[in-house]
Structure formats: structure tokens, C-alpha cells
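Q: Two independent chains are provided; combine them into the complex using the hints.
As they're listed, the protein sequences go chains A and B.
According to this note's numbering, the stretch in the first sequence is residues 1 to 218, in order.
According to this note's numbering, the stretch in the second sequence is residues 1001 to 1240, in order.
Worth flagging that the hints you see were computed from the coordinates, not collected in a lab.
There could be a bad hint or two in this list.
[As the list claims (entries may be wrong)] Which residues of chain B face chain A? A few of them, derived with a C-beta cut under 10 Å, are:
1. Arg1078
2. Ala1146
3. Ser1150
For every residue, glycine included, the Cβ atom is placed at its ideal position computed from N, Cα and C.
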Amino acid sequence: MDAFMESHYMRVMPFLLEGVVYTLLITGVGLLFGFILGAIFGLGRLSKSKIIYGISSIYVEVLRGTPILAQILFIYFGLPDVLGFNIDKVTASIIAIALNAGAYIAEIVRGAVYSIDKGQSEAGRSIGLTKNQTMRYIIWPQAFKRMIPPLGNQFVISLKDTSLFSVIAVGELLYMGQQYYGLTFAAFEALTMVCLMYLAITVPTSLYLRKVERRLDV
Amino acid sequence: MISVRDLHKSFGKNEVLKGISLEVNPQEVVCVIGPSGSGKSTLLRCLNLLEEVTGGEVYIEGENLTDPNVNINEVRSRVGMVFQHFNLFPHMTVLDNITLGPKKIKGISKEEAEKAAGPLLEKVGLSDKANVYPESLSGGQKQRVAIARSLAMNPKIMLFDEPTSALDPELVGDVLEVMKNLAKEGMTMVVVTHEMGFAREMGDRVIFMDEGVIMEENEPSKLFGDPDNPRTKEFLSKVL
Ligand SMILES: Nc1ncnc2c1ncn2[C@@H]1O[C@H](COP(=O)(O)OP(=O)(O)O)[C@@H](O)[C@H]1O
Ligand SMILES: [Mg+2]
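Bound conformation, chain B alone (with noise of 0.2 Å):
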């Protein structure tokens, strides 16, 4: 479904991603830790070419993405994103936020964007705020949406960028439910994230990353139980 092959991303002179593989297969859900600056949200987003890929080959469903006669938009129709700051449409309504990709991109008129929009404000358990604007909302609440709004493209694979880092504590536990539901349907996802418990528990796949390469990546029990990198022992012993 994803196929990541020697990639490489360097921001001028620096060097980010030093030669990135990674087989992502259908309805998996693979999740990607690391101290901060080692690359995870780098390589998510070479996922989706929100950043250009300076080496290597990135295949979505088969597609090359460094191919430059693709056509990345319709590509990222079916590739979801959420963000770590939401990055909600503030000038919109919920419903617009979630109305706009298939009304400008998929040419569904408003009445039918919006009935689709239903089901999906129900299943992020925002029914009731179809009509408010995003500042209204908190910030789990905008995640919520952000993630509806991913949804409304029915998108095959949706990635994640530590989607509830930016959270209150208590607020993290609705988005993480989201998640889950969303993976148990069988979605597709990679998600960058420090919620160690979601990982381990959702997790088909971790990916520990450090400075730009893949240290380990390994099934959760063995990969939080009993590493086999030594670098990812002691990130671990850091954060939990």
C-alpha cells in the first residue's frame, strides 16, 4: 500500500532522512517514534510529497510520487492528513471544513457533501457542532474535526502527525477512541505519535527512528518488551 524505498530528504545542507524503506500493507497500522528532530514528521510528510523528496523512491497503491508526470493532488485525495496543530479552516464552519475537499475536488454538489458529512460527525461524536466555527471548539474537539475532514475524501491511508501532543491531557483520550475505531475498520495508518499506550495496543508495526534513519521497528510487545537496538532501550527508558 506504501512502499518507502532508500529515501533520502535534506534541507539544504542538512540532512534529515538518511535512507528511509518502509513497507506499509493494507488495513495495517504502523506507528513511528523517536526523539524530536530524528525525522518523523519528515517522513510523513515525503508520505503525501508535502515536502519534495530530494532521494529515493515513494510508491502509493503503486504510484510513484517521484514520478513527475504523477498527479499529486488527486494522489493526496486519497492519502488523509492530520496535523499535530489541527490547522483547521478558521473562516469556515465544521461543515464547510469537512464540505470543502469533496464539493472543490470530487464536484459533489453542497446538499449531498453535506448529508455525507452526517454520518461522519457522528462518528467523531461532534454531531451537534456542524454549524459552530473552529475557534468555538477545543482542542480535541478541533482534532476531532480535522480528522473528519481527512475522512470526507475517503482517503485509502491516513497519516498521522502526533495528532494529541498539542492536547490537554484530558482532552487526549477522544481523539485516541477516534483512532482506534478508525483502525479497527480496517483503515490504513501511519502515526507518528509519544502515546506509547496506543501504540503498543493499536500498533501492528512500531518504527522507533533516530537521526534520520530507522533504528528498529518491530511488532509493539517485542519492540517495547524486549528491544533489540540498544538506542531504543534507552529512548524508551526516557519516556515511560
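So here's chain A without its partners, still in its complex pose (with noise of 0.2 Å):
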């Protein structure tokens, strides 16, 4: 027992915690406003006004049609050279995160609020809702249940994506695993723990969806 304790397994894991809280804020705080960006983007796709639909797709189409390697490393070298100032490394990935994911995000809001029934927003018309109050009050709360499957899914894909910023050596949890082993030649275990360190955030959340997709009938 002692032996393991003293193993790389263990020794490790300070490392490996430090790292995931990185990991989670880069995550969180990237896909709050990732799904604020989503929201707009999203209900940009379905506007009747030709720019403001053309404005939203261009947004996704670049997000999503190149990869978010390019993307960070774009944000983080790229952008410093015509702002004149640098941007931090956790900001930088947050940013990457927000615009990344909101792309994603925008395709999950469009699909929501398109899936909803035409009738429901006749019906608010109808009454004398304004477009707004429609899409407040009747459109949006149907569409945002339909949206909690697919956005826990993005939340998982997200999570993954910040390992790519270890790119930039931003102290995520990949990172901070690498450090480990470039001191210490314990690859296999240093990844190994790694690797649990994502099941452990990935694997609860994915059979949490499901469970909300069954209750959700979707």
C-alpha cells in the first residue's frame, strides 16, 4: 500500500488537481459565454433581416471550419500583433472556448427554437404578444428544455478541446501532466491518471444527460 502511495500514480495527482481547476474554470467560464454568443448567433440564423442571418452564419461556418488549435493559437500570438497588447494565457482560452463552442452552440439554439411548433408562436401572435414577448414567454422555455441534451454534450466536447491549449502551456490538466512526466519520465503513469481525471468529469455527466434525456422524452 505504501508502495502505491509513493508511486507516480499518487504523486502525480497534486499536479493533476491543480490542473483540472484550471481545466473546469477555462470550461465554464468559455461556455457562459459561449452560450450567451450561441443565443444571439443562434437566433441571428433565423431572423428574417438578410444581414443579420449573414452575419451569424459567417460566424459559425469560420468557427466551425477551422480547428480550434488554429483558433487559439490565433488568439494568443496572432491577435497580439495588431492589438499592441498581449492577452493572457487563461483568457486567451477562454476566449477560444466562448467563440468555439458559441459556433456549436449557435446550431443547437437555431435547431431548438426552430423545432418548436409554428402554432405556439401563432398562438402568442394571436393574443397580442409582441415577437419579443413570444419568443420570451412561449418560444424560448420549450426550446431551452430541448437544448440541455445537446449542450451537456458541448460541454463535454469543450472540456476535451482545452487540452489543445496546452499548447500554449496554460496550466490545464494535460499540461500539468506533461510537466510531471517531463520531470520525471513517467509517462504512462502520468497520462494514465490523466486520462481518469477526464472519465472522472466526462463519464457522471454523460449518463446524467441521459437520464435527463429520458425524463426530457426528446
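A: Okay, here's the thing in C-alpha cells:
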């Protein structure tokens, strides 16, 4: 038992626990902003205005059509050249998750809102509600329920995506694991524990989502 | 009360309404019958601008709906509409379905709106269902809630689009009963229906539509008993 406690499997843990805090921070805050972007551009994709539709489509297509690795490098190394100031690693990572997930969430929002029966908005408009009131009180609450399973799925995807940010040496989970085996050469042990840490978050999330999905009957 | 002048409506190249003119006086009940696809729903939906009108004019209480300056939301709050498939809000209780409009549009307090909903629920015979969700109601009950929801806005006019077509036969009666009571109270109503019995009994006038035009407009006894237009006779012989 002592041997196990002394092993690399255990000795890597303090590093990984520090890393997982960053992973969760970047994912959580990133997705929060990502959801706001997704709601704006997802509704934009349903707009009758050609300009709003066009801008929203460009955002979605550009962010979904380029690799997230290129996006983080662009934000962290590319943008400062133009802006004239540096962006710190965590902020850059959060921006990357927000922009990237925002594009996928936009599609989730668009699909969910579009899936609500047209009769619902007609009923709302026919009693005299404005377009915005109809969206707010009738369409959005029903659509939001349908967004929950795919949003959970996006959480899992974005969480794993943060591992790519080890390229800018932001101290998230994978990077911390790499740091450990860089010093100790215990790559097998370190990476095993890194993977287990990801699974400790993603598996319960997936199980929970399946339960929600069944309850929502979708 | 309602005045429709040479109304045209096209979906793309498909002209669905080909010049409809129609007057509905206060407290009148006008029933619209006709084969499926003849444009009955489209006509009704033009009366509260759920469909954009492509030609002609629609006046509601003297206001021209095709005038771009008209406040359509305000007009709609005066014109109730009941749909074939009820379109209740499934995420809200019966009471919330009914009080949403008064609260959000008229700015009435929750307490006041709920107090006003009491007599409406009584009117449609569903006082005991205030706090249930629509999914637990039968079709007939749903439709009566939908009627109460429209009435909560105190409309001057009620439009019904085949309100009983989606119902099991044994549930039709309760809904028709509610509509009859409304008519007796003097509500101005335009009713698209397949219920010829209702049209004959309650209609002040009956309109027979086919292929986007009004083929015949007559008193029910005349239209059902001795129609002027042979097309009317042909249609009635199929459905009666
Ligand atoms: N939103 C729409 N887009 C295109 N065509 C439509 C639309 N709504 C109705 N139509 C067409 O208009 C015609 C009349 O439809 P409708 O008014 O629903 O007839 P009815 O209610 O008499 O059965 C039909 O041919 C239908 O296909
Ligand atoms: Mg119809």
C-alpha cells in the first residue's frame, strides 16, 4: 500500500488537481460566454433580416470550419500583434472556448427554436404578444428544454478541447501531466491519471445527460 | 365590424385567395364552409394578419390592417383566435395559459388576472382544471381552455378555425356548447367549420368558399335548403 502511495500514480495527483481547476475554469466560463454568443447568433440565423442572418452564418461557418488549435494560436499569438497588447493565457483560452463553442451552440439554439411548433408562436401573436414577448415567454422556455442534452454534449466536447491549449502552456490538466513526466519520465503513469481525471468528469456527465434525456422524452 | 375588400393572397405563385369581399356586423355569427384547400384558413388568418395580405384591404372596427402604421399587436388583442390544434402553451398551467396575455399585454397584476380567469374557466366548464398542465387534458378540454385564453383578452371578435375538427366525436358537443353560449351573449364570430349543424343553427349567414372565392353567401336556411349555386349543392351533397 505504501508503495502505491509513493508511486507516480499518486505523486502526480497534486499537479493534476491544480490542472483540473484550470480545465474546469476555462470550460465553465468559456461555455457561459459561449452560450450567450450561441443564443445571439443562433437566433440571428433565424432572423428574417438578411444582414443579421449573414453575419450570424459567417460567424458559425468560420468558427466551425477552422480547427480550434488554429483558433487558440490565432488568439494568443496572432491577435496581440494587431492589438498591441498581450492576452494572458487563461483569458485567451476562455475566449477560444467561448468563440468555438458559441458557434456549435448557435446551431443547437437554432435547431431547438426551429423545432418548436409554429402554432405556438401563432397562438402567442394572436393574443397580441409582440415578437419578443412570444420568444421570451413561449418559444424560448420550450426550446431551452430541448437544448439541455446537446448543451451537455457540448460541455464534454469543450472540456476535452481545453487539452489542446497545452500548446500555449496554460496550466490545464493535460499540460500539468506533461510537466510531471517531463521531470520524472513517468509518462505512462502520468497520462493514465490524466485520462482518468477526464473520465471522472465526462462519464458522470454523460450518464446524467442520458437520464435527463429520458425524462425530457427527446 | 369586419370589412374585407377584394382580398388577395398568394403564396409565391399560388394564388389562394382571389378577391374576397365580406362584411361582418357586430354580434353576427358568420360560418365559413367549403372543401379542404379552398382558402378558408388563409382567409381567417388574414383577418388578424397572421398571414401577410398581398392585395386588397381588411378593416377591423374601422382600422385598416394593411396600413403599415397600424399597431397590429393591439388589433390582435381585440381579435381572439381559436385554432384547430388548440396550440396551448404546454409549459404553462391552464391558469397561466389564460393569464399570460392579460399580465404581459394589459399589464394587469397576477392576482387580478387570476381573479378574472375564474369566471372564464367556469364559463368553459373547467374550474377544477386551473392548475393542471395541458398534456393531462382531453382534446375537448384543451380547446375550451384555448377559448378561455382568447376570451381573457376581452376580444370584440372571435375567429374559429375548425375548432372541433381534431376532436373525437364525443368531445365535439362540449366545445360547440361553449361557442353557442358565446354567440348568444352577442360575440361577433367568424367560424370555419365542418359542423353543418352548428352553421345551420347558429350562423346568421353562411359562406361557401371554393378555389379561393366566395361561391355563395346566404342565410343558413336558404344555403342549406335551396342553394343558389350548383357548386354549393354539389359540396353539400358530399358532406351531408
Ligand atoms: N404557409 C403556406 N405556404 C404555402 N401554401 C400555403 C400555406 N398555407 C396554405 N397554403 C395553401 O393555400 C391553400 C389553401 O389553404 P387553406 O387556407 O389552409 O385551406 P382550407 O383551410 O380551406 O383547407 C392550399 O392549397 C395550401 O396548400
Ligand atoms: Mg383549414
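Q: Let me know if the C-beta of Arg1078 (chain B) comes in closer than 10 Å to any C-beta of chain A, holds or violated.
A: 8 Å, holds
Q: How about Ala1146 (chain B): closest beta carbon in chain A under 10 Å, or not?
A: 8 Å, holds
Q: Was the hint right that Ser1150 (chain B) lines chain A, CB cutoff 10 Å?
A: 7 Å, holds
In terms of the numbered hints stated before, the structure departs from none.
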